[in-house]
Structure formats: C-alpha cells, structure tokens
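Asker: Sequence:
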Amino acid sequence: MAPFTVAVEWLCLSLQITFLLFILCHKDKSQEGDLIEQPHICSVREQLLEVKRRFSEEMTRGLSKQTHKQASIKMLPTYVRSTPDGSEHGDFLALDLGGSSFRVLLVRVRSGTKRSVDMQQKIYSIPQEIMQGTGEELFNHIVDCIADFLEYMGMKGASLPLGFTFSFPCDQTKLDEYRILLYNLTIYQTMIYIFCFPVLTVLDDEFDLNFVAVVNDTVGTMMTCGYEDPKCEVGLIVGTGTNACYMEEMHNIELVEGDNGRMCVNVEWGAFGENGELEEFCTEFDHLVDACSNYPGKQRYEKMISGMYLGEIVRNVLLDFTAKGLLFRGKVSERLKTRGIFETKFLSQIESDRLAMRQVRSILQHLGLTGSTCDDSVLVKEVCSVVARRAAQLSGAGLAAVVDKIRQNRNLNQLSITVGVDGTLYKTHPHFSAIMQETLRDLAPQCEVTFLKSEDGSGKGAALITAVACRVKNEGQQ
Numbered sequence: 001m002a003p004f005t006v007a008v009e010w011l012c013l014s015l016q017i018t019f020l021l022f023i024l025c026h027k028d029k030s031q032e033g034d035l036i037e038q039p040h041i042c043s044v045r046e047q048l049l050e051v052k053r054r055f056s057e058e059m060t061r062g063l064s065k066q067t068h069k070q071a072s073i074k075m076l077p078t079y080v081r082s083t084p085d086g087s088e089h090g091d092f093l094a095l096d097l098g099g100s101s102f103r104v105l106l107v108r109v110r111s112g113t114k115r116s117v118d119m120q121q122k123i124y125s126i127p128q129e130i131m132q133g134t135g136e137e138l139f140n141h142i143v144d145c146i147a148d149f150l151e152y153m154g155m156k157g158a159s160l161p162l163g164f165t166f167s168f169p170c171d172q173t174k175l176d177e178y179r180i181l182l183y184n185l186t187i188y189q190t191m192i193y194i195f196c197f198p199v200l201t202v203l204d205d206e207f208d209l210n211f212v213a214v215v216n217d218t219v220g221t222m223m224t225c226g227y228e229d230p231k232c233e234v235g236l237i238v239g240t241g242t243n244a245c246y247m248e249e250m251h252n253i254e255l256v257e258g259d260n261g262r263m264c265v266n267v268e269w270g271a272f273g274e275n276g277e278l279e280e281f282c283t284e285f286d287h288l289v290d291a292c293s294n295y296p297g298k299q300r301y302e303k304m305i306s307g308m309y310l311g312e313i314v315r316n317v318l319l320d321f322t323a324k325g326l327l328f329r330g331k332v333s334e335r336l337k338t339r340g341i342f343e344t345k346f347l348s349q350i351e352s353d354r355l356a357m358r359q360v361r362s363i364l365q366h367l368g369l370t371g372s373t374c375d376d377s378v379l380v381k382e383v384c385s386v387v388a389r390r391a392a393q394l395s396g397a398g399l400a401a402v403v404d405k406i407r408q409n410r411n412l413n414q415l416s417i418t419v420g421v422d423g424t425l426y427k428t429h430p431h432f433s434a435i436m437q438e439t440l441r442d443l444a445p446q447c448e449v450t451f452l453k454s455e456d457g458s459g460k461g462a463a464l465i466t467a468v469a470c471r472v473k474n475e476g477q478q
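Heads up, the sequence shown is in UniProt numbering, so the first residue is 1 and it goes up one at a time.
Be a bit skeptical, because a hint or two may be false.
[Unchecked claim] List time: in silico PhoX-like cross-link candidates among lysine-lysine, alpha-carbon distance up to 20 Å:
(1) K324 / K345
(2) K298 / K337
(3) K453 / K427
(4) K231 / K453
(5) K69 / K298
[Unchecked claim] Here are the simulated distance ranges between beta carbons:
(6) D259 / A291: 38 to 46 Å
(7) K231 / D442: 35 to 43 Å
(8) H251 / S111: 29 to 37 Å
These are calculated hints, taken from the structure and not from any lab test. Just so it is clear, CB atoms sit at the ideal spot from N, CA and C, and this is done for glycine as well.
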C-alpha cells in the first residue's frame with residue numbers, strides 16, 4: 001500500500017475518530033490489577049453531547065457556593081445587571097489595557113432618533129523598558145498618557161464616567177471592584193492589575209473621572225452587540241484565547257446576594273477540563289501541547305480550541321506523521337521542530353477554498369520543508385481541517401450548554417437569542433463559524449441562535465457597560 005494511502009487511512013482512524021473527541025475504548029486498572037474495559041460512546045454526536053452534559057454540570061457547580069471552589073468553570077459574577085435598552089446617553093471614557101500598548105477612548109453615546117455610538121481614541125505604546133521596569137514606572141506612564149489624551153481632546157477639566165477593560169480573569173466583588181486571579185498572567189500583566197487601582201485613584205483625584213466599571217472583554221463583546229440587538233444576552237470570544245458570558249438568573253448565582261433580576265456571568269470556560277472532564281477526549285498531541293505550555297494542566301478546553309494552540313497541535317501531528325514516514329519522506333526540517341513555528345493563521349490559509357495546493361506547498365517551504373510533494377500538501381490540509389473542525393465542534397458543544405441553560409432557566413420550550421461574537425479564529429477561518437453553528441443547532445435544537453459579530457468589544461463595550469451602569473443608577477435614584 002502506498003505511503004500516502006496509509007497516511008490518509010491512519011489520519012481518518014486516529015484523528016477523525018480518536019482525535020475528534022473520544023478514545024473509543026478507555027481502559028483502566030482495577031484494584032486487583034486487571035484491565036477492565038469501560039463503557040464508551042461511539043458516534044461523534046454522542047461524544048459532543050457528553051461534552052455538553054459535563055460542561056452543564058460544571059456550570060452548575062461553579063454557580064453553587066458549596067462547590068464553586070472545586071469547579072473548573074468558575075462562573076464569575078460581573079455585576080452587570082442589564083444589557084443596553086437604547087436610552088443610554090452621555091460621554092464616557094474607556095481605558096483598554098493589557099498588552100504592549102493600550103488605548104484611551106472617548107465614547108459619545110446618543111439616544112433617541114439619532115441613536116449612535118461615536119468613538120475617538122489614541123493608542124499609546126508601552127516601551128519595553130517600562131514593561132520590564134518597576135510598577136511605579138508603569139503607573140506614571142499610564143497616568144501621563146491619559147492626561148495627554150484628555151488634554152488632546154480639550155477635556156482636561158471634564159467630569160466623565162470611566163470604564164476599564166481587562167482581557168484576563170478577575171473575580172469581581174462589585175462592578176467597580178475585583179480580586180486578582182494571577183495564575184495565568186505574565187509579570188507585566190500582574191503589574192497592570194496591581195497598579196491599576198492607584199492609577200484610577202489618581203484619575204479620580206486629578207482629572208475628576210468617576211470610575212464606574214471593571215470590564216471583561218467578553219462581557220464588552222456582549223454589550224456592544226446588545227446595543228445593536230436587544231436579544232443579545234450571550235458573549236463569545238474565539239481568537240487567541242476563548243471565553244463566554246451570558247445573562248444568568250440572580251437566584252441561581254449563590255455567590256451574590258439577591259434573587260431578583262439577572263446578572264451577567266463571566267463563564268471563564270477556557271478552564272473547563274482542569275478537573276479531568278476532558279481527559280478521555282484528549283490525544284497524545286493535546287498532552288504534548290499542554291505539557292510544553294507555560295501552565296500545564298490549566299485551561300485545557302482553551303488548549304483544544306483557541307488560536308494560541310491549534311497551530312501547535314497541527315505541528316505535533318505533522319512531526320508524528322513524519323517520524324512514521326507518512327509525510328515529507330520521513331525527513332523533518334529544523335524549523336518544524338521549533339515550538340510555535342506553525343502559526344494558527346496557517347490553518348486558515350491552508351483551508352481557504354481560494355488556495356491551490358501550490359500555495360499550501362509555499363507555506364510548507366516557509367517551514368523549511370522544501371522537498372514536500374503534492375501528496376504531502378493534501379495530507380497537511382486534511383490535518384488542519386480535522387484540528388479546526390474539532391475545535392469548532394467543541395466550541396459549539398460549550399455554547400449549546402450555555403444557551404440551553406438560559407432556555408431551561410426561563411422555562412421555555414423554544415428560545416430565540418443572539419450571541420455577540422468576536423475573535424480572529426471565528427472571523428477569519430473559512431469554515432470555523434459554520435461548523436460551530438451547525439454543531440450548536442444539532443446539540444441545542446430548541447434554541448434558535450443568531451450570531452452577531454462584535455466590533456471593538458473591549459473599547460466600545462467598556463463605555464456601554466459604563467453607560468448602562470449610569471442609567472441603572474439614575475433609574476434607582478428616581
């Protein structure tokens with residue numbers, strides 16, 4: 001049998017069955033030492049339903065005060081009690097901080113017949129020496145940049161509500177207070193967290209800014225789309241990382257006092273699997289990627305879905321195939337041995353219907369695989385397709401658990417809801433969104449879900465959360 005034919009058959013068996021979620025025959029040792037065959041699930045649909053079931057269980061555990069600490073999905077309260085209703089208006093300042101640069105935005109929200117959101121912004125870089133310097137240096141730099149922006153906008157003495165966006169997990173105690181969750185942050189990101197409140201205190205004192213809200217970027221995505229579509233009560237990000245949020249019934253959120261109304265919950269779903277819920281679904285390639293990551297054992301769901309890891313999964317599959325003599329005539333390039341060299345954007349490019357195999361080969365040549373053949377290109381494209389498809393299906397299974405919970409919360413036979421979504425993987429991969437939506441329809445047939453792409457959930461979303469908070473506060477005072 002030709003090596004290429006063997007490779008394709010091996011791929012279908014090893015990836016499309018085993019790799020697509022489940023090890024069909026899980027064996028474990030009993031106390032007596034015998035190997036006992038455990039029950040297994042055969043079809044991909046049943047496998048995905050099992051993911052959905054386990055995900056739903058962890059959501060319930062995360063909401064419960066008794067089991068919250070043990071749950072892998074933390075279901076963090078955000079203290080966002082409402083989505084936009086169109087009556088919000090005013091000028092708001094938003095600060096989007098978390099990378100090698102940060103943005104300061106002035107957002108003007110108008111209500112009525114001329115309902116609109118207009119934004120003006122400046123992007124400030126954070127020099128490498130400040131990123132590697134002291135917290136005080138970072139503190140001073142941020143304050144200087146915000147002061148520059150206010151002067152640039154001619155609003156130095158203006159009194160403005162301020163929303164502050166984070167792209168990293170934090171356990172909020174109020175809308176404007178949080179407790180740091182540091183386990184997956186770099187030293188620089190940790191400094192941002194530790195020193196942000198002194199910055200905000202100075203802003204309050206020096207610039208007459210009213211700090212209103214700490215904003216998770218996933219919640220910002222939901223709020224941005226909620227301004228366009230009142231039925232948007234779910235936020236989803238599938239990009240470099242992945243996460244979701246949704247509007248939960250207050251009486252289900254045991255970590256927060258009060259039973260009336262709803263509150264947005266930051267699911268932090270990337271951590272699903274940290275208690276072993278995904279162990280049967282993982283392959284040797286997942287274990288390799290996890291073991292070589294900065295935080296082994298953490299963010300297991302995210303490592304099977306997000307753009308930060310998919311390219312690395314593909315690279316490990318290609319190395320394995322090459323070692324078996326199924327690819328590249330058994331000869332691996334030094335570049336392919338380099339961790340992170342197979343970028344996730346390559347998956348999108350390779351799967352693009354517009355790309356001929358010659359262009360796939362050009363990517364392989366970029367990776368030092370100058371002797372790759374047409375058969376190699378076909379197989380590499382198939383590997384990329386299977387890895388991306390699994391990620392999309394897993395995303396769909398998690399989202400199915402979220403929307404079905406909303407439907408059950410409201411005792412509805414049929415739910416109609418909108419999901420606000422952002423992230424480069426969702427937006428740029430040619431097939432990811434369609435596969436995810438197809439999976440969602442199959443696993444949650446009683447939910448009619450519309451997807452709305454978000455634009456600037458971190459900046460615009462921060463301002464809209466601040467605007468909604470001001471609106472709710474004013475309504476309470478009337």
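Asker: Now tell me if each hint is right for this structure.
Answerer: Each hint tested on the structure:
1. Between K324 and K345 the CA atoms are separated by roughly 26 Å; this puts the pair beyond 20 Å, and the hint is violated.
2. For a cut-off of 20 Å, the pair hint linking K298 to K337 is broken: about 24 Å separates their Cα positions.
3. Between K453 and K427, the direct Cα distance comes to roughly 8 Å. Compliance with the 20 Å bound is thereby established for this hinted pair.
4. For the proposed pair K231 and K453, the alpha carbon gap of about 14 Å is at most 20 Å, so the pair holds.
5. Between K69 and K298 the alpha-carbon distance is near 15 Å, which keeps this suggested pair within the 20 Å criterion.
6. Between D259 and A291 the Cβ separation comes to about 44 Å, which falls inside the hinted range of 38 to 46 Å.
7. Checked against the given bound of 35 to 43 Å, the beta carbons of K231 and D442, roughly 22 Å apart, lie outside it.
8. Separated by about 31 Å at the C-beta atoms, H251 and S111 satisfy the suggested range of 29 to 37 Å.
Of the numbered hints listed earlier, those contradicted by the structure are 1, 2 and 7.
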